[in-house]
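Novice: Given the sequences, and given the hints that come with them, work out the whole structure.
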Amino acid sequence: MSQESYTLKALANITGATLQGDPNRKIHGIASLAQAKSGELSFVADETYLSQLASSEATAVIIPADCANACHTDALVVPNAKLAFIKVAQLFHPVSSPSPGCHPTAVVGEHSTIHPSAYVGPHVVLGDHVTIGADVVLGPGTSVGDHVSIGAGSVFHSNVTVYPHCVIGERAVIHSGVVIGADGFGFTPNAAKHWVKVPQVGRVVIGHDVEIGANTTIDRGALDDTTLGDGVKIDNLVMIGHNVTVGQHTLICGCTGIAGSTAIGQHCTIGGASTINGHIRIADHVVLAGASGVMKSIAEAGAYGSAMLLQPIREWKKSLLRYWKLGDLFHRVRKLELSQGKQHDNDQ
Amino acid sequence: MSQESYTLKALANITGATLQGDPNRKIHGIASLAQAKSGELSFVADETYLSQLASSEATAVIIPADCANACHTDALVVPNAKLAFIKVAQLFHPVSSPSPGCHPTAVVGEHSTIHPSAYVGPHVVLGDHVTIGADVVLGPGTSVGDHVSIGAGSVFHSNVTVYPHCVIGERAVIHSGVVIGADGFGFTPNAAKHWVKVPQVGRVVIGHDVEIGANTTIDRGALDDTTLGDGVKIDNLVMIGHNVTVGQHTLICGCTGIAGSTAIGQHCTIGGASTINGHIRIADHVVLAGASGVMKSIAEAGAYGSAMLLQPIREWKKSLLRYWKLGDLFHRVRKLELSQGKQHDNDQ
Amino acid sequence: MSQESYTLKALANITGATLQGDPNRKIHGIASLAQAKSGELSFVADETYLSQLASSEATAVIIPADCANACHTDALVVPNAKLAFIKVAQLFHPVSSPSPGCHPTAVVGEHSTIHPSAYVGPHVVLGDHVTIGADVVLGPGTSVGDHVSIGAGSVFHSNVTVYPHCVIGERAVIHSGVVIGADGFGFTPNAAKHWVKVPQVGRVVIGHDVEIGANTTIDRGALDDTTLGDGVKIDNLVMIGHNVTVGQHTLICGCTGIAGSTAIGQHCTIGGASTINGHIRIADHVVLAGASGVMKSIAEAGAYGSAMLLQPIREWKKSLLRYWKLGDLFHRVRKLELSQGKQHDNDQ
Chain F
1 MSQESYTLKA LANITGATLQ GDPNRKIHGI ASLAQAKSGE LSFVADETYL SQLASSEATA
61 VIIPADCANA CHTDALVVPN AKLAFIKVAQ LFHPVSSPSP GCHPTAVVGE HSTIHPSAYV
121 GPHVVLGDHV TIGADVVLGP GTSVGDHVSI GAGSVFHSNV TVYPHCVIGE RAVIHSGVVI
181 GADGFGFTPN AAKHWVKVPQ VGRVVIGHDV EIGANTTIDR GALDDTTLGD GVKIDNLVMI
241 GHNVTVGQHT LICGCTGIAG STAIGQHCTI GGASTINGHI RIADHVVLAG ASGVMKSIAE
301 AGAYGSAMLL QPIREWKKSL LRYWKLGDLF HRVRKLELSQ GKQHDNDQ
Chain L
1 MSQESYTLKA LANITGATLQ GDPNRKIHGI ASLAQAKSGE LSFVADETYL SQLASSEATA
61 VIIPADCANA CHTDALVVPN AKLAFIKVAQ LFHPVSSPSP GCHPTAVVGE HSTIHPSAYV
121 GPHVVLGDHV TIGADVVLGP GTSVGDHVSI GAGSVFHSNV TVYPHCVIGE RAVIHSGVVI
181 GADGFGFTPN AAKHWVKVPQ VGRVVIGHDV EIGANTTIDR GALDDTTLGD GVKIDNLVMI
241 GHNVTVGQHT LICGCTGIAG STAIGQHCTI GGASTINGHI RIADHVVLAG ASGVMKSIAE
301 AGAYGSAMLL QPIREWKKSL LRYWKLGDLF HRVRKLELSQ GKQHDNDQ
Chain G
1 MSQESYTLKA LANITGATLQ GDPNRKIHGI ASLAQAKSGE LSFVADETYL SQLASSEATA
61 VIIPADCANA CHTDALVVPN AKLAFIKVAQ LFHPVSSPSP GCHPTAVVGE HSTIHPSAYV
121 GPHVVLGDHV TIGADVVLGP GTSVGDHVSI GAGSVFHSNV TVYPHCVIGE RAVIHSGVVI
181 GADGFGFTPN AAKHWVKVPQ VGRVVIGHDV EIGANTTIDR GALDDTTLGD GVKIDNLVMI
241 GHNVTVGQHT LICGCTGIAG STAIGQHCTI GGASTINGHI RIADHVVLAG ASGVMKSIAE
301 AGAYGSAMLL QPIREWKKSL LRYWKLGDLF HRVRKLELSQ GKQHDNDQ
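Just so you know, the sequences run in chain order F, L and G.
Oh and the first sequence: position 28 is 28 in our numbering, straight run, nothing missing.
Oh and the second sequence: position 191 is 191 in our numbering, straight run, nothing missing.
Oh and the third sequence: position 81 is 81 in our numbering, straight run, nothing missing.
I should point out that these hints are in silico values taken from the structure, not numbers from a laboratory.
Be a bit skeptical, because a hint or two may be false.
Just so you know, same-sequence chains aren't split out, so a pair can sit in one copy or run between any two.
[To be verified] DSS-like, lysine-lysine: derived pairs with alpha carbons at most 25 angstroms apart:
1) Lys26 x Lys82
2) Lys193 x Lys82
3) Lys197 x Lys87
4) Lys26 x Lys87
5) Lys87 x Lys193
6) Lys335 x Lys318
7) Lys318 x Lys296
8) Lys197 x Lys82
Remember, predicted model here, so these are calculated numbers, not experimental data.
Specialist: Here you go:
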């Protein structure tokens, strides 16, 4: 963390904000509304934050114009408080990169090209014919297979694995434990009903500005490639099957599983713990609520959900029993209708 | 495994049990009721184990008083058979710690303090300003970031990653592949609808006596910290989002996902594969059945569930169709009611 | 990838196919129907592929007899196109093994036996009394505990962890990040309602020809062993609890969780993201659809499912409300029935 402090005037310049209050007020750090102490800057994303603002000890806040009147502290008024706060956060918490070079414990294969500005950490293993771009950082214990290419500015945390022939774009952020390019899950039964492995000879090809969360796995394609478009963001413990394609700027939250050969559109938001069937297509701009199950293709943009109600355990068990008896209920209603129809006939 | 044997008398002393049978009987190992052979000790947790006891070859069992009459073998009678059995298990399977010291292949940064009784295994990487407490064991390939502190008696298995600035309490057990402190999943769209990363500058702060299962991930906070209270136990492949707080002595079973900024109470039991929404609160002493989905806060202690019925595939598809037509059914019943009301009016 | 090319005649010999077309046609690679270019061979698994075949640029295809008439390209006609295509794929993409030997950065404990034909990669750590069979490959950063045995021909990718005393059969394929033998999740509350760890002293015992996907975890047994039968195939991010047994030739798709002490039969197919309760039995030849939740034992072979419908968000919320009111609806229908019965009585 930086020990610097900035005046509100300086922060207003950096964020393009209109300053409301004392331009010479010193700010030495950032914090949430709940945790901020004197001398710290926080932010109000929208009106839902105003109740927290009331009791906050923050010295100043970044705030959108439509909330600024309610503000009792000094304020930096901006159109988008989150984006402005990000700029300030980067100021107080600059990303520090290790000095370039290969750690002496790293093992580098033959015919590999490492840009002189890149950092290859302790116990990293690079195969043959690997290409590492400018300013790349490879954290401890990362293992990179033959013929892999990693674009400029990408940061790999610790214990990442990339299998041979995969391609990672520029400015990727790959968190610890991620596995890119493991074999897709392809087996076919032989006459004895034993599973025979289908060779998985495609690659994983990842665009620019992609972030992948801890312990997520992205399988290589069977024949064609598994691809992630530019700007895709994936959370932790997500499973992307072989031959999946994810369109640009799609966001996939944690614990989601996407089965093989499915095509996800651009600008989608996939809620956490969703389950997406294989061999389907999901349109652009689809939003899935958390824990959604998707069995069929989704042809139209929009928001979808399928998660069930949580109930106290007795109610839940009764609900299951009722669900089980729904067929009966439909029959009973049909019977009532028929009987009433007859009644109706009798009446006439 | 120990090659020692103990008399039943000795085991009764150790467990505080009332001995029923031959005090000089020798016991040389422990086993389940199903697998136990002559000379081995097993246990009966409660009356549900009695059917297995009948056919067990165990020489003796640990058994609660209310089951002891049914016991045909020598027995150690105790109030809590599981706790007593744990004591005996520790006797026959003592945990062996490696000799203190840093393996020569470990890489240790500057200004780091490693207690002389700690063990730092092969290919471990410690950053700068790391503090490793007494009797800590760090397994092979573990990577610990700058400014991390690990409390006395903690055991890390292999290939664990801890990001910078995180704090681990005393006597933690961290299984292989765990990732502590990766960036939370925080992005906000810019004008072009590209995702801009929100810096994740909080920490993970873990109390004492916490166990974390294999390949689980615990994200660092965005601004505030992600925290796990004392005595929290987390199973494998669990995902804890940024700014989550988990209260003391809460148990979280495998494959569960908890989205960001949610507060879980103390002494909760979260069933496996549960999905918990972000920004909600779960009261103390809540029990969730397996595969529960929690969309809203839970204000009251108690047991809850939401998982659906498994059905043969045809029934399942019919159930989905009925569920789809529930709106219709409600309309049809309303119509019947109205019609009957009219009928009723006619009758009068 | 091999740079070889083969004549169709040669490929017909290798696959036992009936050749339809020019025997001297040269094939230099394989591809999917969609991506194949001139000179490449693809395959038609069944009639569902025929629409893609029409527009494919593949020079030739492997095709089953009942589809061969529809084929406009040269063709290798076989009974099972997938199995034949696997043979050809292995030809063009032979698996290359590293040269035998221990990398100088590997750390090997005492009393361990490594077959001279095995390869132990960079930064691998083997404990004491480890046995590594013929032709085994251990990828970078893999950690193998004391007394582990790994059968001939097994391939471990990077950063795998095997805890002490586990047994892996022959020809296993273990993908990166897999954790075998971590402690099962066994805790029991003491008088203070703190969780006391139950020692986990069983093993994981894995048969022959097993494949385990990236970041999957298989916990060791508490007292008895966790076992996977011969030919079991497990996908990524699967969680197998302690004392689970999986029968021979069962397939488990990604993101599935199986709680402790459950017995899965032989030749089952477990759909992705399924959740299986502990202490239950699943018969042989059971097929679970994706995202199935299994609370109780399944006694009969057959296909089962439980996943819910995805709906547009408004419909979904209405469905939840209707589900919530199902109890009411049952009451209303009962009331209608009673009232109609009375009506009926009145009529008579």
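Novice: State whether the alpha carbon distance between Lys26 and Lys82 is at most 25 angstroms within one copy, between copies, both, or neither.
Specialist: Within one copy only: 21 angstroms inside a chain, 60 angstroms across chains, cut-off 25 angstroms.
Novice: Using 25 angstroms as the alpha-carbon threshold, which applies to Lys87 and Lys193: within, between, both, or neither?
Specialist: Answer is between; shortest inter-copy Cα gap is 17 angstroms, intra-copy 59 angstroms.
Novice: From the Cα coordinates, with 25 angstroms as the cut-off, is the pair Lys26 and Lys87 best called within, between, both, or neither?
Specialist: within (17 angstroms within a copy, 59 angstroms between copies)
Novice: Check Lys197 against Lys82 for me: Cα-Cα at most 25 angstroms, and say if that holds within a copy, between copies, both or neither.
Specialist: between (48 angstroms within a copy, 10 angstroms between copies)
Novice: Within a copy, between copies, both or neither: which one fits Lys335 and Lys318 at a CA-CA cutoff of 25 angstroms?
Specialist: both (24 angstroms within a copy, 19 angstroms between copies)
Novice: Up to 25 angstroms between alpha-carbons, please classify Lys193 paired with Lys82: within, between, both or neither.
Specialist: between (56 angstroms within a copy, 14 angstroms between copies)
Novice: My question is about Lys318 and Lys296: at a cut-off of 25 angstroms on alpha-carbon distance, are they close within one copy, between copies, both, or neither?
Specialist: between (29 angstroms within a copy, 17 angstroms between copies)
Novice: Can you give me the call for Lys197 and Lys87, within, between, both or neither, at a CA distance of at most 25 angstroms?
Specialist: between (50 angstroms within a copy, 10 angstroms between copies)
Violated hints for the displayed structure: none, as all numbered hints are satisfied.
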